[in-house]
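Enquirer: According to the UniProt record's numbering, the sequence shown is numbered sequentially starting from 1.
Quick list of in silico lysine-lysine cross-link-like pairs, DSS-like style, CA-CA up to 25 Å:
#	residue 1	residue 2
1	LYS89	LYS4
2	LYS78	LYS19
3	LYS130	LYS141
Just the calculated beta-carbon pair ranges, DEER-fashion:
#	residue 1	residue 2	range
4	GLY48	GLU90	26 to 32 Å
5	PHE39	TRP129	24 to 30 Å
6	PHE12	ARG178	31 to 37 Å
7	ASN47	ALA1	31 to 37 Å
8	GLY173	ARG58	15 to 21 Å
9	GLN134	GLN49	37 to 43 Å
10	LEU108	LYS146	35 to 41 Å
11	GLU169	ASP35	37 to 43 Å
12	ALA158	GLY48	44 to 50 Å
Derived from the structure by calculation, the hints contain no laboratory data. Quantities reported herein were computed from a predicted structural model and do not represent experimental measurements. Just so it is clear, CB atoms sit at the ideal spot from N, CA and C, and this is done for glycine as well.
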Amino acid sequence: ADVKVEVLQKPFICHRRTKWGDMMLVHYEGYLERDGSMFHSTHKHNNGQPMWFTLGIREAIKGWDKGLKDMCVGEKRKLTIPPALAYGKEGKGKIPPESTLIFNIDLLEIRNGPRSHESFQEMDLNDDWKLSKQEVKIYLKKEFEKHGAVVNDTQHDALVEDIFDKEDEDSDGFISAREFTYKHDEL
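Please construct the entire structure, taking both the sequences and the accompanying hints into account.
Expert: In structure tokens, the structure reads:
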């Protein structure tokens with residue numbers, strides 16, 4: 001099953017649509033489909049403040065990444081998200097296992113993310129949502145060649161180690177999409 005997207009309100013003019021890697025400021029309400037009970041609302045929790053969310057890096061549930069692309073500021077959407085794209089067999093907090101979720105989401109603002117999803121995808125050669133040292137090394141080689149710089153293997157390896165020291169927050173030997181997107185030191 002996939003995400004069901006209903007557009008509840010669309011602005012008359014749309015200057016920009018959301019794309020992967022964008023930061024979105026949203027107000028939302030989340031409900032359980034089975035009984036209609038609300039499990040979260042930015043209006044009621046979080047001192048009524050909206051929430052920032054980065055699209056396309058699995059920061060929230062997969063259903064949000066699928067259901068919030070190409071959205072305009074001022075647009076309201078209703079997403080119906082099956083368990084496989086939400087919290088699945090585990091559930092979470094007030095959300096029981098195998099729950100279909102309904103979200104009403106109101107987009108207030110779009111900003112460029114600190115790093116683009118496109119550059120991550122370009123580096124992630126095997127599409128496993130994480131960067132290995134080898135993938136980073138290949139990317140750097142290409143970048144250096146593009147700019148006419150000559151760097152030997154020892155320098156390359158030292159640079160890759162330095163990048164991983166800074167970027168690989170959980171020290172698992174990979175830079176995840178989330179670790180990549182939130183780092184501000186450019187590669």
